[in-house]
Amino acid sequence: MADVAETMPQFSADELSKAMDGVDAALDDIAGKVTCRYCNLFVDPMESVQKGANSFTCKECKRVDMILYRNLGERPSELTTMSLRDQREFWQRSHSMDDADGQGKWKLIRAALVEVRAKEVQRREIKSVGGAYLPLAVHMAQGWTKEQVESYQDYEEHPAPIGRLWRVPVKSVSVEDIKSSIEKELLTRERTFKKKRQAVDKSKASGSKKSPAQDAEPVTSSQKSAEVCVIIPTDSEEEPVKITKTAGAKSAKQEAREKAAMEKKQARENEKAMKSARTLASKSLGPLSSLVNNLKAATAAIEKKGKDKFHDELADAVAEALEKMEKWQAECTSVVHKVQNKQNFDGHEVLSFNKAHFMTETKAAQALMADFRVQVRNVNEQNAAAKLRPKACAKKRAQK
Numbered sequence: 001m002a003d004v005a006e007t008m009p010q011f012s013a014d015e016l017s018k019a020m021d022g023v024d025a026a027l028d029d030i031a032g033k034v035t036c037r038y039c040n041l042f043v044d045p046m047e048s049v050q051k052g053a054n055s056f057t058c059k060e061c062k063r064v065d066m067i068l069y070r071n072l073g074e075r076p077s078e079l080t081t082m083s084l085r086d087q088r089e090f091w092q093r094s095h096s097m098d099d100a101d102g103q104g105k106w107k108l109i110r111a112a113l114v115e116v117r118a119k120e121v122q123r124r125e126i127k128s129v130g131g132a133y134l135p136l137a138v139h140m141a142q143g144w145t146k147e148q149v150e151s152y153q154d155y156e157e158h159p160a161p162i163g164r165l166w167r168v169p170v171k172s173v174s175v176e177d178i179k180s181s182i183e184k185e186l187l188t189r190e191r192t193f194k195k196k197r198q199a200v201d202k203s204k205a206s207g208s209k210k211s212p213a214q215d216a217e218p219v220t221s222s223q224k225s226a227e228v229c230v231i232i233p234t235d236s237e238e239e240p241v242k243i244t245k246t247a248g249a250k251s252a253k254q255e256a257r258e259k260a261a262m263e264k265k266q267a268r269e270n271e272k273a274m275k276s277a278r279t280l281a282s283k284s285l286g287p288l289s290s291l292v293n294n295l296k297a298a299t300a301a302i303e304k305k306g307k308d309k310f311h312d313e314l315a316d317a318v319a320e321a322l323e324k325m326e327k328w329q330a331e332c333t334s335v336v337h338k339v340q341n342k343q344n345f346d347g348h349e350v351l352s353f354n355k356a357h358f359m360t361e362t363k364a365a366q367a368l369m370a371d372f373r374v375q376v377r378n379v380n381e382q383n384a385a386a387k388l389r390p391k392a393c394a395k396k397r398a399q400k
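Residue numbers for the sequence shown follow the UniProt record's numbering, so the first one is 1 and each next one is one higher.
I should point out that these hints are in silico values taken from the structure, not numbers from a laboratory.
None of the values given here were measured: they were computed from a predicted structure.
All C-beta atoms in this analysis are idealised placements derived from N, C-alpha and C, irrespective of residue type, glycine included.
A hint or two may mislead.
What the hints assert, rightly or not - Each computed DSS-like pair below joins lysine-lysine, with the alpha-carbon atoms no more than 25 Å apart:
hint, residue 1, residue 2
1, Lys275, Lys324
2, Lys62, Lys194
3, Lys355, Lys338
4, Lys202, Lys304
5, Lys342, Lys275
6, Lys107, Lys194
7, Lys194, Lys184
8, Lys355, Lys195
9, Lys342, Lys296
10, Lys33, Lys202
11, Lys338, Lys275
12, Lys264, Lys342
13, Lys342, Lys283
14, Lys275, Lys355
15, Lys324, Lys296
16, Lys283, Lys305
17, Lys327, Lys275
18, Lys204, Lys264
19, Lys342, Lys363
20, Lys363, Lys202
21, Lys179, Lys107
Said to hold, decoys possible - Simulated DEER-style distance windows between Cβ atoms:
hint, residue 1, residue 2, range
22, Arg189, Glu147, 34 to 44 Å
23, His357, Asp308, 28 to 38 Å
24, Glu303, Ala260, 51 to 61 Å
All chains, please: the whole structure from these sequences, using the hints.
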C-alpha cells in the first residue's frame, strides 16, 4: 500500500481548491436549468417551450422543428428511428446555423440531416458487410493501419486479457453514394409536399366553384328513354296507323315528385351544414379574436424593434398566421351575424376550415407566439445591456 501511495500524484491545497472552485462554477452554471428533450443541452426554462411536466424544448430546436414542418410537412421519421447519439448530433449541429435565414437556413439544416443520416447508414452497411471482431494487431498484420481501423469506430469491449476487438469492412461503402441517395430522397419529399400545399392553396382560392359537368342541365329519365314505334294494323286497305311512344317515360307528376324530394334532401343537408358551421363559428370566434390581437401586437413589436432584431422566418411566419387568422375571424363573424339576423346561408361554403384544421393551425399560431415572446425577452435584455454598458464605462473612468 505504501508503494501505491508513493506512485499516486500529489496535489497541493491550492490546486485542490481551484479544482473544487471549477466544479462549483459548473454546478452554479446549470443550477435551475432544464434539459432540452431534443438536443439534450441545458437551457433556461424561461427560454424554452414546455410541453409537459418535465418536457422542455429550447428555442433553437423549436426553430429547426418549424423549418422542418414548413419544408417537409412533418418531422422526418428518421429523427426518431436513428440512434439517440445521432439525433442529438443533428439538433446540436443545427444550433450553429444561426447566421443563415430563409431558404439558406433550410439548406443548411437539410445538409446536417443528410450528414447525420449518412453516418448512420454507413455504420449499418459497414456492420452488414463487416468481418469478425479481431485484435488491433491482427488487422495491422493484414495491412491495415491503426488510423484506418479506428476510423470505422466499430469495436466490442471484452474483459481482460482480451480487451477491445475491432472490425473492419470486407468491402468499402461509398459515403458520397449514400449522401447522394439521401439528398435525392429528401428533395423528392420536399417537392411532393410543396405540390400538395400548392394544390390545397389553389383549392381554397377557387372555393367551391362548380365544374362544367355540374353546371350542365341534368338529364331526366324521360330524356334518356328511347322512342318506340308501334304499328297498329287495320281491316281497310289504308296504311297501318303508326303510334310513337316513349319507352320508360315518366309522367310530369312523377318527375315533379322526384324533384321535390331532391330539393327536400338538399335543404336537409344544407340545414345540417348550417348547424355545423354555426357551432364551429360561435366556438372559434373567441379564440380567433384573441389570437388576432396577439399576432397584431407581435407584428407591431417586430416593426417597432426592427426586423433585424428577430429571425427572418419568425416575422414571415407571424405575418402569414395573422393573415389566415383574420380571414377566419371575418368568416366566423359573418356567420354569427347571419344567424342573429335569421338569414339563410350555404353551410358548405361559408367557412374555409373545419374543426381539425382549426385545431392544427391555432396550435401552430400559439407555438409561434411562445417563440416570439422568448425572442422579445432576449431583445429586451440585449437593449438593457447596451444601455448599461456606457454607464458602466463612465463609472470606471470616474473611479480612475
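Verification of the supplied hints:
no. : hint                        : in the structure
1   : Lys275 - Lys324             : holds, 23 Å
2   : Lys62 - Lys194              : holds, 21 Å
3   : Lys355 - Lys338             : holds, 20 Å
4   : Lys202 - Lys304             : violated, 34 Å
5   : Lys342 - Lys275             : holds, 12 Å
6   : Lys107 - Lys194             : holds, 15 Å
7   : Lys194 - Lys184             : holds, 15 Å
8   : Lys355 - Lys195             : holds, 24 Å
9   : Lys342 - Lys296             : violated, 32 Å
10  : Lys33 - Lys202              : violated, 46 Å
11  : Lys338 - Lys275             : holds, 12 Å
12  : Lys264 - Lys342             : holds, 20 Å
13  : Lys342 - Lys283             : holds, 18 Å
14  : Lys275 - Lys355             : holds, 14 Å
15  : Lys324 - Lys296             : holds, 12 Å
16  : Lys283 - Lys305             : violated, 34 Å
17  : Lys327 - Lys275             : holds, 21 Å
18  : Lys204 - Lys264             : violated, 28 Å
19  : Lys342 - Lys363             : violated, 32 Å
20  : Lys363 - Lys202             : holds, 23 Å
21  : Lys179 - Lys107             : holds, 14 Å
22  : Arg189 - Glu147: 34 to 44 Å : holds, 37 Å
23  : His357 - Asp308: 28 to 38 Å : holds, 34 Å
24  : Glu303 - Ala260: 51 to 61 Å : holds, 59 Å
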